[in-house]
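K.L.:
Here is how the chains run, residue by residue.
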Amino acid sequence: MPNPFLALLTTGLLTQRDCCPELPDDATGLPAVTASPCAGCRRCVERCPMQAITLTPDAEGIAVTLDRGRCIACHGCTASCPAGTIIADRSTRTAVRTRDALVLSNRTHAIPAAPQPTPFRRSLHIREVSTGDNVSDLEVIASTNPVFDVARFGIHFVASPRFADALLVTGPVGRAMREPLLRCYDAMAEPRLVIAVGTSAISGGLHRGGYAEANGVTDLLPVSSFVPGDPPHPWSIIHGLLLLMGREV
Amino acid sequence: MSLTLAPTTPFECLPVAPEHLPELARQRFKQPDWRFGHLIARAQQDHILIETLLLQPAQGRGVILSAELLAGVREYPAITPHVPAAHWAERAVGDMFGVRAVGHPRWKSILLHHDAWPLDLTPLLPDAGTSREPYTFFKVKGEGIHEIPVGPIHAGIIEPGHFRFSCLGEVITNLEIRLGYQHRGVERRLCEIPWQQAHFLAESASSDTAAGNALAHARAIEQLLDITPPPRAVALRTIALELERLSNHIGDIGALSGDIGYSVGASLFPPLRGAVLALCQLLTGTRRQRWFIVPGGVARDLDDGRRTAMVQGLAELTQRLRKHIPLVIEHPGVIERMEGTGRLSPGLARDFGIVGPAGRASGSRYDVRATFDRDALPFTPAHREAGDVLSRAQIRVEEIFAAIGIIDAQLAQLPDSPIAVDLAGAVLPAERAGIGLVEAWRGELLHWITTDETGAIARYAIKDPSFNNWTGLAIAIRGNLVADFPLCNKSFNLSYSGNDL
Chain A
57 MPNPFLALLT TGLLTQRDCC PELPDDATGL PAVTASPCAG CRRCVERCPM QAITLTPDAE
117 GIAVTLDRGR CIACHGCTAS CPAGTIIADR STRTAVRTRD ALVLSNRTHA IPAAPQPTPF
177 RRSLHIREVS TGDNVSDLEV IASTNPVFDV ARFGIHFVAS PRFADALLVT GPVGRAMREP
237 LLRCYDAMAE PRLVIAVGTS AISGGLHRGG YAEANGVTDL LPVSSFVPGD PPHPWSIIHG
297 LLLLMGREV
Chain B
1238 MSLTLAPTTP FECLPVAPEH LPELARQRFK QPDWRFGHLI ARAQQDHILI ETLLLQPAQG
1298 RGVILSAELL AGVREYPAIT PHVPAAHWAE RAVGDMFGVR AVGHPRWKSI LLHHDAWPLD
1358 LTPLLPDAGT SREPYTFFKV KGEGIHEIPV GPIHAGIIEP GHFRFSCLGE VITNLEIRLG
1418 YQHRGVERRL CEIPWQQAHF LAESASSDTA AGNALAHARA IEQLLDITPP PRAVALRTIA
1478 LELERLSNHI GDIGALSGDI GYSVGASLFP PLRGAVLALC QLLTGTRRQR WFIVPGGVAR
1538 DLDDGRRTAM VQGLAELTQR LRKHIPLVIE HPGVIERMEG TGRLSPGLAR DFGIVGPAGR
1598 ASGSRYDVRA TFDRDALPFT PAHREAGDVL SRAQIRVEEI FAAIGIIDAQ LAQLPDSPIA
1658 VDLAGAVLPA ERAGIGLVEA WRGELLHWIT TDETGAIARY AIKDPSFNNW TGLAIAIRGN
1718 LVADFPLCNK SFNLSYSGND L
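Residue numbers (my numbering), protein chains in the order written: chain A, 57 to 305; chain B, 1238 to 1738.
Each hint should be verified, as a subset may be incorrect.
As the list claims (entries may be wrong) - Now the stretches of chain A that chain B is said to cover, found in silico as 3 or more residues with beta-carbon under 8 Å:
| # | stretch |
| --- | --- |
| 1 | 107-118 |
| 2 | 292-304 |
To be verified - What the simulated footprint calls covered on chain B by chain A, stretch by stretch (three residues with Cβ under 8 Å from a Cβ of chain A suffice, anywhere in the stretch; the number is not a length):
| # | stretch |
| --- | --- |
| 3 | 1251-1262 |
| 4 | 1410-1423 |
| 5 | 1519-1532 |
For the record, the hints were derived by calculation from the structure and aren't laboratory data. Being a predicted model, the structure only gives us computed values, none of them experimental. Every residue gets a Cβ at the ideal spot worked out from N, C-alpha and C, and that includes glycine.
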């Protein structure tokens, strides 16, 4: 009979030591906007299925914005940009604390005040609610496996909202999930946080604007951490959680 | 009858009178080599069509019985009394079109919840002029029967759905599964956006089956356009589809271990799944193979360096799997726990049209890869008769190694050709139907696209394998302990969002 204990002893350490490493060159990552001047060809705008990109002529040339809260990372823009203004970004440190910070631009903005630190610096217990994007659920589950091992940061997923400090939402929240989601939030003790994981949770993504009003969680609850991507990489999800804890990664 | 099927669609369309529909469906369904495919409605200008797809897999063909209702008529005789497998499809037509299947033994709403949507909303037929009844649960009566409501939000990281158990002590006498919480209006939205961009949303119907959904969509569109993807694209698509099967089956072996408290399996298999996802990333650029398969071909080529890396990675993975799978599947404690649990008999599996690994664990030999799939190599589907959790696990193990064999063969002799047909300027033909069939990792997945007189998509129907198989879970759990539900559920591992659409 095969010996499970021998297998465990000889498997060795599987956990990645480096936290939130860059993705390898083979991976596509998310698009990013660079300082390289836009040629104004509008191919990116035409190819984007999410209306996530705007081009506006201004005194310096053309101002480009790209909303990662809408972007599904299909890379139609990066493949068609002749000027290097929109390129692939292989960073996994893609989570942000405000919705505005998801909108990338080639023009400098006034840097908004950093959001208040949250009280959960050493441990964070999370209730996950899925509302229609099961691949993001799979990446949340992956963050708990021995390779990513989110538990090493004091982060645990719990069964009841009563035990939870944070509500992690995936999916676009159609009409029939609105009440269960809000009741789950109501059942949580304060202070409590909300995390939106995946483009569909942030804005509804591909489902936005339909009769099911599946436009994401951002309009329903106060979100403190936004993790873009369709789906986000497990390291990006962990980045979004560590940001809430004010931890350097 | 203005509709024609695309020339490469292996089905024929047969106009029938609505009153003859149940009998004509029954005549075919009672023959062992026929099975139920799907049932949809379509709105014409002033009337409704009920289209029933019946499949004869061994011959690689099928028939669509197309019943035209008179103008203003909102009912037809149900086929469910003769073809039980149609029971959810007929209810879905009721919700989305307000058309009633008269004689349906469990007639009630299925997708649109009365507390979330107006009762007269029929998303695919504006102003149907009908109204649904509020939902009621089936009531098991008798001394000592008690109910356990579970969900929509479950304890783990999993999709929402409601399970209503009627129990006698610890034994489940009936399980009613109520889904629809994640209804996002996918089918209507797919008719509202330009077809050139529809593949993004079609792929996200159940986003954990990206390769399967994207391939079914691509096949339907390619039938409509009457084009054939280049051989290299066909090979790369096959690799993507089998990688998806591999990663999910491996993940499920780990999750089954977790559900019986066998932590060795639960901790060893997720990293193995991660190794498959690394291969996916090499092939497609993302772990979950997003936006890779597109109508006409694939979006990115596999260069020689990455191909070599994939061959090496696959060989290492195979070695680890050969070492680790016996730790689970041959462990006496695991076998003891899974054997005889959650049994689904071959007879009921056939009646309710159970597909995929769950169907093949309960006596079915149906696998799209061995029948309708013209891209596949010669292939013998896995097959067992016991229909219990152990059989479903064993089928997955066999399919894991079969998938590795297929990927290996494709990587070894990748054809040299372009990777896509250029679809710039392509126009969909008017009043045609194309049906894409794929053996996704959960089973038969179907995208059924019909165009209108301008060539725009007028009806887009998706049938996820879970739509067949949820009933299989409800049957399999009868007579089992409440505590065995998580294990049975995981052995099916169905999609909620693919069902809810």
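K.L.:
So which of those numbered hints doesn't the model satisfy?
P.N.:
Violated hints: 1, 2 and 3; rest satisfied.
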